[in-house]
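Peer 1: Could you slot chain B onto chain A? The hints should help.
Protein chains in written order, with the numbering used here: chain A, 2 to 374; chain B, 82 to 190.
Do not rely on the hints blindly, as some may be mistaken.
Stated by the list, open to error - Okay, derived cross-link-like pairs now, DSS-like style, lysine-lysine, Cα gap no bigger than 25 Å in a straight line:
id	chain 1	residue 1	chain 2	residue 2
1	B	Lys149	A	Lys360
2	A	Lys160	A	Lys184
3	B	Lys176	A	Lys67
4	A	Lys336	B	Lys168
5	A	Lys160	A	Lys190
Note that these hints are calculated values from the structure, not bench results.
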Amino acid sequence: MSDSEPEAMAEADGVPSTKLPPHLELRRTRVLCKVDAPDNTDTIQYSGAYASLGHENSLRFADFCKDFRVDITRISDDDMELDMVGVDPSIANAFRRILLAELPTMAIEKVLIANNTSVVQDEVLAHRLGLIPIKVDPRLFDYLSENDTPNEKNTIVFKLHVRCEERGQRLTVKSNELMWLPKGSEFLKTSESLTSTSKPETYTSFTCSQDSMPEFAGNPIRVYPDIIISKLGFGQEIELEAHAVKGVGKTHAKWSPVATCWYRMLPEVELMEEIEGEKADVLKQKCPAKVFEIEDLADGRKRATVARPRACTLCRECIRDGEDWEKRISLRRVKNHFIFTIESTGALPPEVLFTEAVKILEDKCERVISDLS
Amino acid sequence: MEHTSFGDQRNATFSLAEEDHTLANALRFTLNQDPRVIICGYSIPHPSEARVNVRVQTTGDPAREVLKDACQDLMLMCQHIRGTFNKAVNDSRMKSPPDNDSSQGMDSD
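Just chain A, same shape as in the assembly:
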């Protein structure tokens, strides 16, 4: 599959790859959804699977390039849907897994609580803070390893200080109360600092203010607003500092850059015979996803058509009522056509997330190659 090699090999053998007979081609490229269970769900990966039929099953890179296609069906600031056509599920799944678990983001990892008289316990409060998405490009930061001191390149500090001052009132604390501290921690380390004449030590050692960096000048780091952190009764108070660091989703889901990310295979609905008259009405009624429409023929008859196959959820309602219906309709899924959805949490736009995920898979390959050399 490296560029030209297999092509040359197939020609050298004098065996031009033949087309598979239609019934095998169907089983190779489609999942068949029968009334009791989906059938034929595996992909045939082995290059010699159809050798006896003279069909070359290996993927040639040139063919891959020719057939591979991406269509963006929806894109906005925080989510996108795309059709990825001509790729094996193992590759699509690798992207999905990387998006969920291996793309870094920033999340609150340490919470220094000075005062918390709210009903939410310290550890629960810290956990809630950890899950708040932070809108910042993680590529601008380094990982904080165990022996590192927190500095402006690996830590973001937020302050939260709220108190309910009104008698009889209840104060809702939302995530937008978290104030970014570009100069680092403001809490002093208490122990020996009183006697020493040097600058009092805090919990971070920033050498410069983060807002002096060109990336953040005039573009303060914010968190996702409107998330309720806690509710305070009269006199209750929360005073804390939250330190965010870089991490990946497999350590903890709070570092996952996607709210979720999934794919489904393209549904395909085929009518195996003409469905006319009353049966067409019945069919249209059966489908909760409104896949079918009725077409008026010239001579006044009505015929069912498949109008929106993409909406099919494969609920199989249409083939449930006896063998007749099973024979009339064939529900399938296209094995190499993925409808991929990415919902970003806001740290990076979804299209950037996808390209970064592909880059991570490339890096993994490169690492294996260099280890083997």
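Peer 2: Okay, now just chain B, sitting in the frame of chain A:
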């Protein structure tokens, strides 16, 4: 990381540390697509150890070289996917310039 018997380069097991199904399943696909491969598969010996074993048996070429080629193929595919994706995003941006009404109403700024 490579385990093979002396004098037999065709059959080998590669033990990849810090990897999981993400890479191993994709590599199994590219390896299986290579006509030089007789059999390949992978296993994760223990779920709490971040390690996969990839077994490769070839028709004659050293398994190490075949695995390297498989990685190379996967990289080429990724690069093509990335290029195609970026082009598709640019095209869809050209067609419909970014509108500010987020249909989901999720983002409040």
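Peer 1: If a hint holds in the structure, say so; if it does not, say that too.
Peer 2: For each hint, the structure was consulted:
no., hint, verdict
1, Lys149(B) to Lys360(A), "holds (18 Å)"
2, Lys160(A) to Lys184(A), "holds (11 Å)"
3, Lys176(B) to Lys67(A), "holds (23 Å)"
4, Lys336(A) to Lys168(B), "holds (24 Å)"
5, Lys160(A) to Lys190(A), "holds (16 Å)"
Figure legend: structure checked against the earlier numbered hints; every hint is met.
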